[in-house]
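A.B. asks: Given chain A, put chain B in place with the hints provided.
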Amino acid sequence: MFKKIGHSEIAKLLSEWSKESTVLVPTRADGVTTWAKWDGRDVSFLDWYRNTVVPPKSFLLPMLEEMFRFQKGKDGYSLELPPSDGRKQVIFGIRPCDARALAIIDLVFREGYEDLYYVNRRNNTTLVGLACTSPYDSCFCTSLGSGPGDARGVDLMLTTAGDQLLIEEVTDKGKELTAGASGLGKAAEADLISAREAVELASRKVTRQVDLKDTDKALLANFEKAEFWEDIAAKCVSCGICTFLCPTCYCFDINDEMDRQGGARVKSWDSCQFALYTRMPMENPRVEKWRRVRQKVSHKFLFYPLSYETTGCVGCGRCIRRCPVNWDITQVLNSLTAKVA
Amino acid sequence: MPQLQHEARALLEQGKVDYILGFEPGTLKFSTTPLITKNKEDCARLVVNPFIANNLSVYLPKLKGRLGIVVKGCDSRSVVSLIQDNKVARDRVVIIGVPCAGIIDLDKIEQLVSRERDEIDDIVRQGDRVAITLGNGKKEFPLVSVLADNCLACETPIPKECDILLDPTDTLVTDPSAGQQRIQEVESKSVEERWAFWEKQFERCIRCYACRSVCPVCFCERCFAEETEPQWVSPAPHWQDNMSFQIIRSLHVAGRCTDCGNCERACPVNIPLRSLSKKMVDLVDELFDYKAGTDKSALPLMASYEADEAEGVFR
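These protein sequences, in sequence, are chains A and B.
In this text, residue positions in the first sequence follow our numbering: the first is 15, and each later residue adds one.
In this text, residue positions in the second sequence follow our numbering: the first is 18, and each later residue adds one.
Pulled out of the complex, with its shape left as it was, chain A reads as follows (with noise of 0.2 Å):
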């Protein structure tokens, strides 16, 4: 059930997974926290990582990608699929957040309905969680029912404790991937202990709160209040950088590319904050800004309670770090609820 490992054994470690997966970890390039497939060395980021700037949705969900290709002959068209990678892959060092929130798209994309593209990535990949030591200003986890040790939507848990990390077998997959490995040694009490001082000192580090509890009724309230939504939109400028930078968020927009012989379809993320989101042939119903904002914090914070009984958000903050108007998705909420009492 739990494992140790010392730091200086996670090469070896990594270099045995890589062997039949590709390990994804957390990098930087050109100033950016990013994941990429592990080079075979350096473990540093054990040291400075925090959380990336695109979340690992995106190795479930491509950015961009091509469901099938078509070719005109003579008797119409002809299909064919992207040949299947079957390729395992392992992310290394995902935050209880990023992790949380993949078991929320699985709601939707492998409960709900099965989309195949989605569901073979998720079976080929193992997530290798990583408590957090860090947290950021803008990391509001612990008002979701979750925690920078949260061990939930992960296969492995890795945890700081003392000089090693505490390893806990969370589910089968991730005990494939300790069977067998070599430099793991048997937790002791001691490891234990350590291990939890460390997510309880994380914990009180999320200093951000949010209360929800009365959130919902809130929002139903007011859902057709324009001027209410209106004021709450004002300063948005409709980027996608929240909704692109949600680990949560799926929505997607297809394509075909072609020419006169044939092309691909294709498959991109799309966002509800752009207003050609929603736009059809007669009309758009979210033309204006206060009804897209609205969809996005309505769908997070209503319809994902009242379908799934979850949020929609995990409160890894990303959408706060990075809204280039300080847009606050906490301050938002947390005048909703003041407004009703």
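Please note that the accuracy of each hint is not assured.
The following label-pair restraints were derived from C-beta to C-beta distances [what the hints assert, rightly or not]: (1) A:E302 / B:L129: 38 to 44 Å; (2) B:Q128 / A:S148: 17 to 23 Å; (3) A:F82 / B:E216: 23 to 29 Å; (4) B:K313 / A:S349: 34 to 40 Å.
By construction, these hints were calculated from the structure, which means they are not laboratory data.
For each residue, glycine too, the CB sits at the ideal point set by N, CA and C.
C.D. replies: Here is chain B on its own, set in the frame of chain A:
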């Protein structure tokens, strides 16, 4: 009561404006956020500090009524540019000018102290130096090492077109060559190297359009990027389409861009967009002897043509 708060409140009280557009402290460290309000009591929250980075003129075309807007030098030129393009009438805006002393670039600070912004305790500007507090330690740096590139290159920190000019708090310290450095780095590359450089930059574009959304002169009701007949660029983020989008955008804002730096600042994946936009500003100046937003009665650059101008450009 600080001067800005007093002036803004008076404008609302006297019915001279319907809205005040200014800056208030943001919810993150060293951040400010746009304050758009009808309520005179809110004016007590207005601030001027080295973090008022946004160009608030982006909100002008869509807001109704009379608008009191807080502007820095570059922003005031954007307002003028919008007036030139008939996007806002001069008599609909009361321009409150901030004699700008420069915006602090938090990315530069993060690099200097190897800490992210939320891990820094304090940043204080003291004349031509800046003091950064980390825990018990305090480090001092020359101001020029932390000011935004566009501020270092700024020629118009004091808003010229304005109705109320606030008293200066500090003087802008510029370093034009430092402000131009990253652009020159790109320029010094061979054509092949430059192409490879931009390909690499645009590979990570996520097409969030934040560059367009924060840009006051990207005011089109419908952007070319969203046209489908014909489709100028694919909505899918292929690097080629990302690059095409940005090249076309650069041409569309030529003669309107005032180098406020907000496209680059907004980019979540650090694409050096100012290396395109400032280059375009320089080209416009060089070819047409034109500085955007400096003359509200001038025709917009791209709406006028003189037979003998820039003959070398159009062939």
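A.B. asks: Which constraints among the numbered hints does this structure fail? Numbers only, ascending.
C.D. replies: none
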